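2 protein chains.
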Amino acid sequence: MSNIRAAIIGYGNLGKSVEKVIAAQPDIDLVGVFSRRDKLDTEARVIPVADVEKHVDDIDVLYMCLGSATDIPEQAANLAKLYNTVDTYDNHNEIPRHRAEMDAAAKESGHVAVISTGWDPGMFSLNRTYASAVVPEYEQHTFWGPGLSQGHSDALRRIDGVKKAVQYTIPAEDALDKARRGEGQDITGKNAHLRQCWIVTEEGASQEDIENTIRTMPDYFVGYEVEVHFISEAEFDAEHTGMPHGGHVVTAGKIGETNHLIEYTLKLDRNPDFTAGVMVAYGRAAHRLAQAGETGARTVLEIAPYLIHPLGLDELISRDV
Amino acid sequence: MSNIRAAIIGYGNLGKSVEKVIAAQPDIDLVGVFSRRDKLDTEARVIPVADVEKHVDDIDVLYMCLGSATDIPEQAANLAKLYNTVDTYDNHNEIPRHRAEMDAAAKESGHVAVISTGWDPGMFSLNRTYASAVVPEYEQHTFWGPGLSQGHSDALRRIDGVKKAVQYTIPAEDALDKARRGEGQDITGKNAHLRQCWIVTEEGASQEDIENTIRTMPDYFVGYEVEVHFISEAEFDAEHTGMPHGGHVVTAGKIGETNHLIEYTLKLDRNPDFTAGVMVAYGRAAHRLAQAGETGARTVLEIAPYLIHPLGLDELISRDV
Chain A
494 MSNIRAAIIG YGNLGKSVEK VIAAQPDIDL VGVFSRRDKL DTEARVIPVA
544 DVEKHVDDID VLYMCLGSAT DIPEQAANLA KLYNTVDTYD NHNEIPRHRA
594 EMDAAAKESG HVAVISTGWD PGMFSLNRTY ASAVVPEYEQ HTFWGPGLSQ
644 GHSDALRRID GVKKAVQYTI PAEDALDKAR RGEGQDITGK NAHLRQCWIV
694 TEEGASQEDI ENTIRTMPDY FVGYEVEVHF ISEAEFDAEH TGMPHGGHVV
744 TAGKIGETNH LIEYTLKLDR NPDFTAGVMV AYGRAAHRLA QAGETGARTV
794 LEIAPYLIHP LGLDELISRD V
Chain B
494 MSNIRAAIIG YGNLGKSVEK VIAAQPDIDL VGVFSRRDKL DTEARVIPVA
544 DVEKHVDDID VLYMCLGSAT DIPEQAANLA KLYNTVDTYD NHNEIPRHRA
594 EMDAAAKESG HVAVISTGWD PGMFSLNRTY ASAVVPEYEQ HTFWGPGLSQ
644 GHSDALRRID GVKKAVQYTI PAEDALDKAR RGEGQDITGK NAHLRQCWIV
694 TEEGASQEDI ENTIRTMPDY FVGYEVEVHF ISEAEFDAEH TGMPHGGHVV
744 TAGKIGETNH LIEYTLKLDR NPDFTAGVMV AYGRAAHRLA QAGETGARTV
794 LEIAPYLIHP LGLDELISRD V
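Order-wise, the sequence lines are chains A and B. According to the working numbering, the first sequence is numbered sequentially starting from 494. According to the working numbering, the second sequence is numbered sequentially starting from 494.
Hints are computed from structural coordinates only; laboratory data are not their basis.
No copy is singled out in the list; a pair is fine if it fits within one copy or between any two copies.
In the DSS-like style, the derived pairs of lysine-lysine whose C-alpha atoms are separated by at most 25 Å in a straight line are: (1) LYS547 x LYS574; (2) LYS513 x LYS747; (3) LYS760 x LYS747; (4) LYS513 x LYS760; (5) LYS547 x LYS509; (6) LYS747 x LYS509; (7) LYS532 x LYS547; (8) LYS683 x LYS760.
Model, not experiment: these values are computed from the prediction.
Next up, chain A with everything else stripped away, as it sits in the complex (with noise of 0.2 Å):
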């Protein structure tokens, strides 16, 4: 069986992961990057955006490694009449509208786009189904962190006096503890994670008035457990330029009298480089969907486990059943 033909389209983090991840597959070759740019920092050939539609012949699955703000809003269907599709659409209220619009463009030029892929959406949606099908009285929360969040970390930035910046997110331990217990009845998005802000300060900064800004920042800090840490920037570029992420998905169930916990754990070192991975694992249904014939747009909810896997059905089975 020839390889899977996998083009990249946007070259930030998510682009350069993605192609990380394809390099370390035995089914699947990396064709090219389609950019804007004319040059990248990357060893795989260069396809200038303009010639999208010169590749049809060539590729079997497109990951597209754009933002959910507004590249994909404004991009994912076009390029879902022309390709197979992957993509981190990652606004959840807007999934089924993405969904909708992405089934039309597929249905019509005959390709599968695979949606909102990645951990959250992605193997958090996953576990969160497969928890709540299984027990049928449940209490289901998700954790996030500890992770770097790219939101609160500009905030921290805009703030006058701040040089760098990071905010983690991080799970409460004692909102964890109730929600493994289905005693979590009271846990908010606010009481149930705590932030963390490591800060380097401009010159002559105030460290109080940006303590005290960033205490009364509304939405942002206000309402939640907040620590503030002011370091050196020497500590700051040693200790704080990964992007670590991860969390829990916790479903504390009820069978008649007897009680089932359910956890699902990430820890994850760099959020790219994961998300990467499972998103190109995706590619692979989209492909093999489209193989058979199938059309249209499908989540993570709607594709058998096996068609992510590089090894066959039956290998499958013996090893993992």
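On the provided structure of chain A, position chain B as indicated by the hints.
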């Protein structure tokens, strides 16, 4: 949409748990329990096993709550010729053979047979496959327990002077930690678990002799870390008559130079209840796949997650993805 009409065959611990789980489902009704006995301790309709061929028009899915040692090998394929079925066949080495037999029987008669559901095989199988699909390099270990081991408890009860006994299998903390760090190359079944025995002796029996017999019992205890606790019958009856179980699937993955831990944990008050929870959910998939015109055997790896959930796909996508 009318409810799924279900029946149970086999009314031991698992059959009773399946009855309890079905009673809590919004979309599944129990038609009856097939049994060799005239009277069962149930409010459900009891149907003689001899009449099993007479109800093919009244039953959408048959939950086969039968043992893997002899009942399933002897009876399952014949039942799959009559009904859509779900089983919990757990003889891992023989699952490919079982799948082939069930596939032939179900295809011949136009039914769907979902095989080897439960949690291992079952939910653990799913997690082994998902986790190993999304990281290109990995080390993966399955730990069982803390949980009651039926076979080991039976072995203890056969020792002279033992009145009552249970054996819990417990994951060794140091092995779990190694697995989480991706340093579990030397983990074996023996050093990954400790065996904890709780024993009530007959009057006049020698605890020393019993403990010695345990510690020198080949296969069952030799080579394991073993704890032996002698307790009163009152304590035994109060603390050790449950059927707790659970475990972990730990996958330490690598993407380039970054590390990614994926861990799935179950803590189950009562093993047959949770097994039944998974089994009942997969009954939905058996019925839905058959309604869609599919036939043959399916493992959990071959079934799209949404097919096992009581909620419809659109609602699941809005809620869980």
